[in-house]
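Colleague: Here are the chains, one letter per residue:
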Amino acid sequence: MPAPPCTSCHAARAALRRPRSGQALCGACFCSAFEAEVLHTVLAGRLLPPGAAVAVGASGGKDSTVLAHVLRGLAPRLGISLQLVAVDEGIGGYRDAALAAVRRQAARWELPLTVVAYEDLFGGWTMDAVARSTAGSGRSRSCCTFCGVLRRRALEEGARRVGATHIVTGHNADDMAETVLMNFLRGDAGRLARGGGLGSPGEGGALPRCRPLQFASQKEVVLYAHFRRLDYFSEECVYAPEAFRGHARDLLKRLEAARPSAVLDLVHSAERLALAASARPPRPGACSRCGALASRALCQACALLDGLNRGRPRLAIGKGRRGLDEQATPGTPGDPAQTPTPKAVPTF
Amino acid sequence: MAAPLSVEVEFGGGAELLFDGVKKHQVTLPGQEEPWDIRNLLVWITKNLLKERPELFIQGDSVRPGILVLINDADWELLGELDYQLQDQDSVLFISTLHGG
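Residue numbers (UniProt numbering), protein chains in the order written: chain A, 1 to 348; chain B, 1 to 101.
A couple of the hints might just be wrong.
[Stated by the list, open to error] Which stretches of chain A does chain B cover? Using the computed rule of at least three CB atoms under 8 Å from a CB of chain B, they are: (1) 16-28; (2) 248-259; (3) 279-290.
[Stated by the list, open to error] Residues of chain A clear of chain B, computed beta-carbon distances all greater than 12 Å: (4) L78; (5) G124; (6) L192.
No wet-lab data here; the hints were simulated from the structure.
Ideal Cβ positions, reconstructed from N, Cα and C, are used throughout, including at glycine.
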């Protein structure tokens, strides 16, 4: 049986049904609706004011590819300028191929591209080196924990270098929902409290960040890329199978199959959470080493790097952090790239 | 009773890695008693095209959650999913969404 006609243009056959409204749309009308929704997210949240110099965190993957493409189309209307910032974590065989995709995109879209590398920013530590350092710790490797923190810092640094006023990333509704589940599963009240909303306004000197695709389901991001014939890099990071997020993702996919609105409902639930008084995190201060926003003596990036450099990579992860604060060496606030180069470390 | 069918089976979004990296496959499905639907196409694909790790493509008698199925560029949800009856010259595209973006 053929597909029903598009309920918007009534001319073409429908190509999909929107998960929330159940509306059947053809490819072209769906793409227009998708773009209109991103525009609405940005305007309603006042996320990117006219004159903003926006740095797009570009990985070559489906989300940042769709994000950059859509924002490029909306840029004249929003009155913003765009650049791409890509982070090279130093993952052999994976990141090089992804960066090649970003370079192709930058050329095709005629957007400036800046690449920032962990190796340069973090005293020689590539993710491959971190992975070797955290291997054999008994539990599953926690290198993804490092990468999440360091990538945020690297993106901040890259955006600053190009004079950006705002950072955008391609997180979609599924990413947000997975994060909510992960924070619940780990009892991370602080992150649950901070995680909702439309992004960070930029406290402690950090650039404001937002996620224009955060209400777009992953499925619709992929379908948009398909109908607009966008070329993106689609391999999984070599370390991803070890990440805790995989468990949350599997659970979310099964939930979604049973109840399609579960993804967005989870995100909305988190936005409406109020924490018990005893669970509320303290007001953050400044990192004693680099000056960035921190809830303890050292910010997470400095704490993680400290652990790596002392040959105790688990020092700043989870409960291990308690021991770290007493040992924090007060330093001059400055460039985290001044941490010493990695030395051979014993594996525990 | 189904006559032999010529269909194009395509893989994208990383799913092609399970099929030797080959994205487009022009296949001829043999004539058989039962009509060809997506359900038995999946069985045929698993037996004849899939090179590794079936659990990353199939779950039960359907695709793994997170793999989108487009039939002639339309979401299979609109066309009856597993029960859609294949026609000659149809194009079926499997796109994986299961990777970072």
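Colleague: Where does the structure disagree with the numbered hints, that is, which hint numbers, in rising order?
Modeller: 3
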